[in-house]
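Q: So you can see what is in the structure, the chains are spelled out below.
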Amino acid sequence: MLQAVNAPTQQRFKLGRVGWSLISLLALVALWEIAALIAQSRYLPGPWAVVEVMIREAEAGELWTNIAATLIRVAFSFVIAMFIGSAIGLALGKFKGADLFFDSWLIFFLNLPALVIIVLCYIWFGLTEVAAITAVAVNKIPNVAVTMREGARSLSKDLEEMACVYRFGRWKTLRHVTVPQLAPFFAASARSGLALVWKIVLVVEAFGRSNGVGHQLNIAFQLFDVPMILAYALAFVIVVQIIEMAIVQPLSARANIWRR
Amino acid sequence: MAPLTHPLSIRIDKKIFPAVGGREQHLVLKGIAFDVEPGSFVVITGPSGCGKSTMLNIIAGLDEDYEGAIDFGVDGHPRVAYVFQTPRLLPWRTVYENIALVVPDGDPRVANIPELLQRVGLSSDAAAYPEMISLGMQRRVALARAFVLEPEFLLMDEPFVSLDDPTAQALRELLVALWSRRPTTVLFVTHDRAESVMLATRILRLSEGSASIAQDVAVPLSVADRSSRAKVLAEQHRIFGDG
Chain A
604 MLQAVNAPTQ
614 QRFKLGRVGW
624 SLISLLALVA
634 LWEIAALIAQ
644 SRYLPGPWAV
654 VEVMIREAEA
664 GELWTNIAAT
674 LIRVAFSFVI
684 AMFIGSAIGL
694 ALGKFKGADL
704 FFDSWLIFFL
714 NLPALVIIVL
724 CYIWFGLTEV
734 AAITAVAVNK
744 IPNVAVTMRE
754 GARSLSKDLE
764 EMACVYRFGR
774 WKTLRHVTVP
784 QLAPFFAASA
794 RSGLALVWKI
804 VLVVEAFGRS
814 NGVGHQLNIA
824 FQLFDVPMIL
834 AYALAFVIVV
844 QIIEMAIVQP
854 LSARANIWRR
Chain B
5 MAPLTHPLSI
15 RIDKKIFPAV
25 GGREQHLVLK
35 GIAFDVEPGS
45 FVVITGPSGC
55 GKSTMLNIIA
65 GLDEDYEGAI
75 DFGVDGHPRV
85 AYVFQTPRLL
95 PWRTVYENIA
105 LVVPDGDPRV
115 ANIPELLQRV
125 GLSSDAAAYP
135 EMISLGMQRR
145 VALARAFVLE
155 PEFLLMDEPF
165 VSLDDPTAQA
175 LRELLVALWS
185 RRPTTVLFVT
195 HDRAESVMLA
205 TRILRLSEGS
215 ASIAQDVAVP
225 LSVADRSSRA
235 KVLAEQHRIF
245 GDG
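So the protein sequences, as listed, match chains A and B.
One gets our numbering by counting positions in the first sequence from 1 and adding 603 to each.
One gets our numbering by counting positions in the second sequence from 1 and adding 4 to each.
So here's chain A without its partners, still in its complex pose (with noise of 0.2 Å):
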């Protein structure tokens, strides 16, 4: 009896997190709207205005194919920073000579800013595309040496000596004692560089290419057109979110399954 009279009760204020999520989106949105009627200025446009735009720009195609360049730039690079810092990381963690006389040029290239290397790299390789993919992939290649390097120093020698001792062999030690030790480091890296890249790979266009949402924003700001802007930022935002979500979080989900 008093669970038939509790239940609907409690299930009215059970949200869950994607209603959460609703909710808190609308009221960010409705708070635009709200700014938007208050200021009446054509560089603070309201939701609708934006969406307009976005949906103008995606039945052009235009949307499409700058979303796309960039994305392949993303891809590009991400791949080749990971692979490199990876290789970088493992072998600064493993060999202890090599760790100490690089770790000066680690931090170095950490705290070279992101705007220099692009226009280093604009000057010496040319306005190309190799340009813009290697400022972004040396962009982030230090972020992810240092975290596998931390990696391969947390090593534990106590599986080592169990792998040696059963006669694991080379393969069967990588694929089952040391990748699954480098998993968490790889996926922290993979995760804080993918929102790196995101970043640094606008700027790169904006300077140097002539496609790309990057340099559609530059475009855009030199027409003061700031419902372009927000277009094109919304729908970036979005595919990012999605992608996320779709990928980054299931993937994570599934190397983390043995934890308690």
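Some hints could be false.
[Stated by the list, open to error] Below 20 Å or equal to it, Euclidean Cα-Cα: the simulated SDA-like pairs (lysine to any residue) are:
1) Lys-775(A) - Tyr-133(B)
2) Lys-760(A) - Glu-135(B)
3) Lys-760(A) - Asp-111(B)
4) Lys-760(A) - Arg-113(B)
5) Lys-775(A) - Ala-23(B)
6) Lys-699(A) - Gly-25(B)
7) Lys-699(A) - Val-24(B)
8) Lys-775(A) - Glu-162(B)
9) Lys-760(A) - Ser-57(B)
10) Lys-775(A) - Ser-57(B)
11) Lys-760(A) - Asp-109(B)
12) Lys-775(A) - His-81(B)
13) Lys-760(A) - Arg-97(B)
14) Lys-760(A) - Val-114(B)
15) Lys-760(A) - Thr-90(B)
16) Lys-699(A) - Arg-113(B)
17) Lys-775(A) - Val-114(B)
18) Lys-775(A) - Ser-759(A)
19) Lys-775(A) - Asp-69(B)
20) Lys-760(A) - Phe-21(B)
21) Lys-775(A) - Glu-101(B)
22) Lys-775(A) - Gly-110(B)
23) Lys-760(A) - Glu-162(B)
24) Lys-697(A) - Leu-777(A)
25) Lys-775(A) - Asp-111(B)
26) Lys-760(A) - Gly-110(B)
No lab work stands behind these hints: they were computed from the structure.
Knowing the structure of chain A, use the given hints to seat chain B on it.
A: Frame of chain A, contents of chain B only:
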């Protein structure tokens, strides 16, 4: 499998730990020499820090920086299993996978795993991950992992420490059951005197300091005697002069 006829021969003339971080270099083991008859259960005991674990690591081939020689008395690679002081399971692999991984690919011994799991009482936990089961259960997985190999030599380094008494006792009985079903040469390190008498057919006591062998005695108890508390105590008194 050819029967083992030669004894395992262990000779460690000198083992030195180099100076590390303010600690001076010191002699851990010196003048250790003994043979182990195939199928015997040798317990190595002595005060903590006397070099027992170092000795096992040398025998296991994990530490090659010593003067001396280990001769397993078999042709080719001896089949060695090692049960460590901590279970040393792969946390990202299930109980079953942890056991199956030590068996070489395509080896028929994989087929013995279900029966072995049942013997150690883990049949229903085969798909669990190590962090989700208790320490006592993890130690049973480590035992099963060692026995699935049907090892010629089984090294054990205080495998039942940090367990409550009943759990440790149950595991000792499980070990005796597994061992008497499939006898193999065991080298078992412990500082627990009652445990050593209960398990061993022979006890080696190491001396304090730079350890050498201080005492080498046989333990003439039958399997039935070993589950009798009184008989174990009497034997413990005979060997160690206490209990």
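Q: For the pair we were handed, Lys-775(A) and Glu-101(B), check the Cα-Cα distance against 20 Å.
A: holds, 12 Å
Q: Holds or violated: Lys-775(A) with Gly-110(B), Cα cutoff 20 Å?
A: holds, 14 Å
Q: Do the alpha carbons of Lys-699(A) and Val-24(B) lie within 20 Å of each other, as the hint requires?
A: holds, 16 Å
Q: Given the hint that Lys-775(A) pairs with Tyr-133(B), does the C-alpha gap stay at or below 20 Å?
A: holds, 19 Å
Q: CA of Lys-760(A) to CA of Phe-21(B), is that 20 Å or under?
A: holds, 18 Å
Q: Hinted pair, alpha-carbon criterion (20 Å max): Lys-699(A), Arg-113(B). Please report holds or violated.
A: Violated, because 41 Å separates the two Cα atoms, which is more than 20 Å.
Q: Are the Cα atoms of Lys-760(A) and Glu-162(B) separated by 20 Å or less?
A: Judged against 20 Å, a Cα distance of about 18 Å means the pair holds.
Q: Given the hint that Lys-760(A) pairs with Glu-135(B), test it: the Cα-Cα distance must not exceed 20 Å.
A: Holds: Lys-760(A) and Glu-135(B) sit about 19 Å apart, inside 20 Å.
Q: Would the pair Lys-760(A) and Ser-57(B) pass a check requiring their Cα atoms to be no farther apart than 20 Å?
A: holds, 15 Å
Q: Check the hint pairing Lys-699(A) with Gly-25(B) against an upper bound of 20 Å on the C-alpha distance.
A: holds, 16 Å
Q: Taking 20 Å as the top limit, are the C-alpha atoms of Lys-775(A) and Val-114(B) close enough?
A: holds, 16 Å
Q: With a cut-off of 20 Å on the C-alpha distance, tell me whether Lys-775(A) and Asp-69(B) pass.
A: At roughly 26 Å apart (the allowed maximum being 20 Å), Asp-69(B) and Lys-775(A) break the hint.
Hint compliance for this structure: hints 3, 4, 5, 8, 10, 11, 14, 16, 19, 26 are broken, all remaining hints hold.
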